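Engineer: For the record, the sequence lines run as chains X and E.
Under this note's numbering, the first residue of the first sequence carries the number 1, and numbering increases by one thereafter.
Under this note's numbering, the first residue of the second sequence carries the number 1001, and numbering increases by one thereafter.
These aren't lab readings, by the way, just hints derived from the structure by calculation.
Be aware that one or more of the hints could be misleading.
Residues from chain E shown here face chain X by an in silico Cβ test under 8 Å; the list is partial [what the hints assert, rightly or not]:
1) Ala1132
2) Gly1149
3) Ile1151
4) Thr1155
5) Val1159
No farther apart than 27 Å at their CA atoms in a straight line, the calculated lysine-lysine pairs in the DSSO-like style are these [to be verified]:
6) Lys114(X) - Lys1003(E)
7) Lys184(X) - Lys16(X)
8) Lys294(X) - Lys316(X)
9) Lys1003(E) - Lys116(X)
Just so we're clear, the structure is a prediction, and the values are computed from it rather than from any experiment.
We treat Cβ as the ideally placed atom computed from N, Cα and C, and that holds for glycine.
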Amino acid sequence: MITVTNLTKVYGIGDKAVAAVQDVSLHVPSGGIFGILGRSGAGKTTLMRCLTALERPTSGSVMVADAELTSLNGAELRSVRHRMGMIFQHFNLLNSRTAAENVAFPLEVQGVSKPKRGTRVAELLDLVGLADRTQSYPSQLSGGQKQRVGIARALAARPDVLFCDEATSALDPATTEQILDLLKQINEATGVTVVLITHESEVVRRICDSAALMADGRVVEEGPLLQLLADPDSQLADILLPTGDPTLDPGQDSIVLTFAGAHTSEPVISGLTRHFGLDVTILGGAVDQIAGRKVGRLRVSLSHPEGIFDHAAVHKYLADREVSARL
Amino acid sequence: MRKVSWLEALPELMESLGQTAWMVGWSFLIVVALGLAVGVLLRLASPDGLRPNPIIYQSVGVVVNLARSLPFLILMIALISFTRWLVGTAYGATAAIVPLAIGAIPFYARVVESALREVAPGKIEAAQVMGANTWQIVRKVLLPESLPGLISGATLTLVTLIGYSTMAGAIGGGGVGDFAIRYGYQRFNGEVLLMAVTVLIIIVQLVQSIGDAIVNRMAYRRG
């Protein structure tokens, strides 16, 4: 759906030049939910502005739905944008329009006839659970309701891709969950590709299939979540399923076991004790449902009463049970 | 000469009010239409606008500032030959429409520009991402979103025009200003002058209240 190649965006010139995004390449597969996670200042907002052509990259290429955004003229860009939807942290609804009129906006822009707009708007407000608030103005709606209107508006023209710019960062935790579940449900029902940027790991953990981690303008890691989680060295895995700070247990050699396979229910830990006579101390860990699968990460220290054990055999034992670890 | 009572002067005041309404009404319509156009142009062409254009922004800006820095009386006199060329005469209520409109267009244009500037950039970007073109953004986002500001600015402009129109009276434009000069200044008839002033105050109050009421009603709905 989206392919970014060697994208760099520099603001300012000369000594004051700051590269907000540096040499970023990534691929967003069609139909999934792709999360771009990073702290403020990591460059994710700039990256998304390049994906929606609100910003012109300094160099590199952005392909969205087979269109190279950097080479389009105004009219071509508008027609590509008719295939895009976007929701925002601060909603950006028009205060002068009712909920229904806000949702109708992209349809008006595309010249859809009034009767057709009416049907589509009613359908969408029903989808987002606001069928009874069609005539309300944004000022009369709560934050969650505003974002629902935003989602309905973004979906009105049946886009191929839905961009979410910190869409839940201004919402309380309960509302955040509802909005995330709604996004997930819409993604499953319509197959729209969702690209979201967020600084909240909870958002990625809850709904994303794949993700990229950004820091200092660069993509540090990128890929399907299950694949990243299975990598014991993955920073993203440690953000999503933190196992505690290793420096809190000095003197203990700890390793991280990741349970991302279908055999998560197998008693692997007691197996280590039974088969290898190892003492297993659990130092930290987390288990959660990620990308449709139950995934756990445990930080443990392994020791043998005699001080030595067969690392290769333990490794094979774990690998056979789809538990990844670096010994 | 016998002093005229306010009751005797009343019919003449009514006639003057008619002339004022004529000058102010037409010039207001022209100012709103052209002021909006110039204001939108300034906003679009400004460095952070949708169509940044330093040449247009600077040159229109200079003309606007020039016109605004001229005292209205001077502007009116300076425009005499232009007015004569345009409407055939430089005297009377119709002729006064020309300097009134030209004097207030730059004022309202700046009001429009700053009202449009108040529209959150995020709303404009949202419309851009939805594939709206510049004209659609102006018509569907910028103008409706800034409508309360545009209306309160228009109210202010209307009050200013009423004030200017009395000056137009001073050089033969007719209207309440002309009336007040004739009775209050040339004949020292305080009673009649007081009546004219009272009527002016009531009109200005009325205009301001109606404008505020419209804006408040909008604000109530929009929050």
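Engineer: Of the hints given before, which are not true for this structure?
Structural biologist: Per hint list: 2, 3, 4, 5, 6, 7 and 9 violated.
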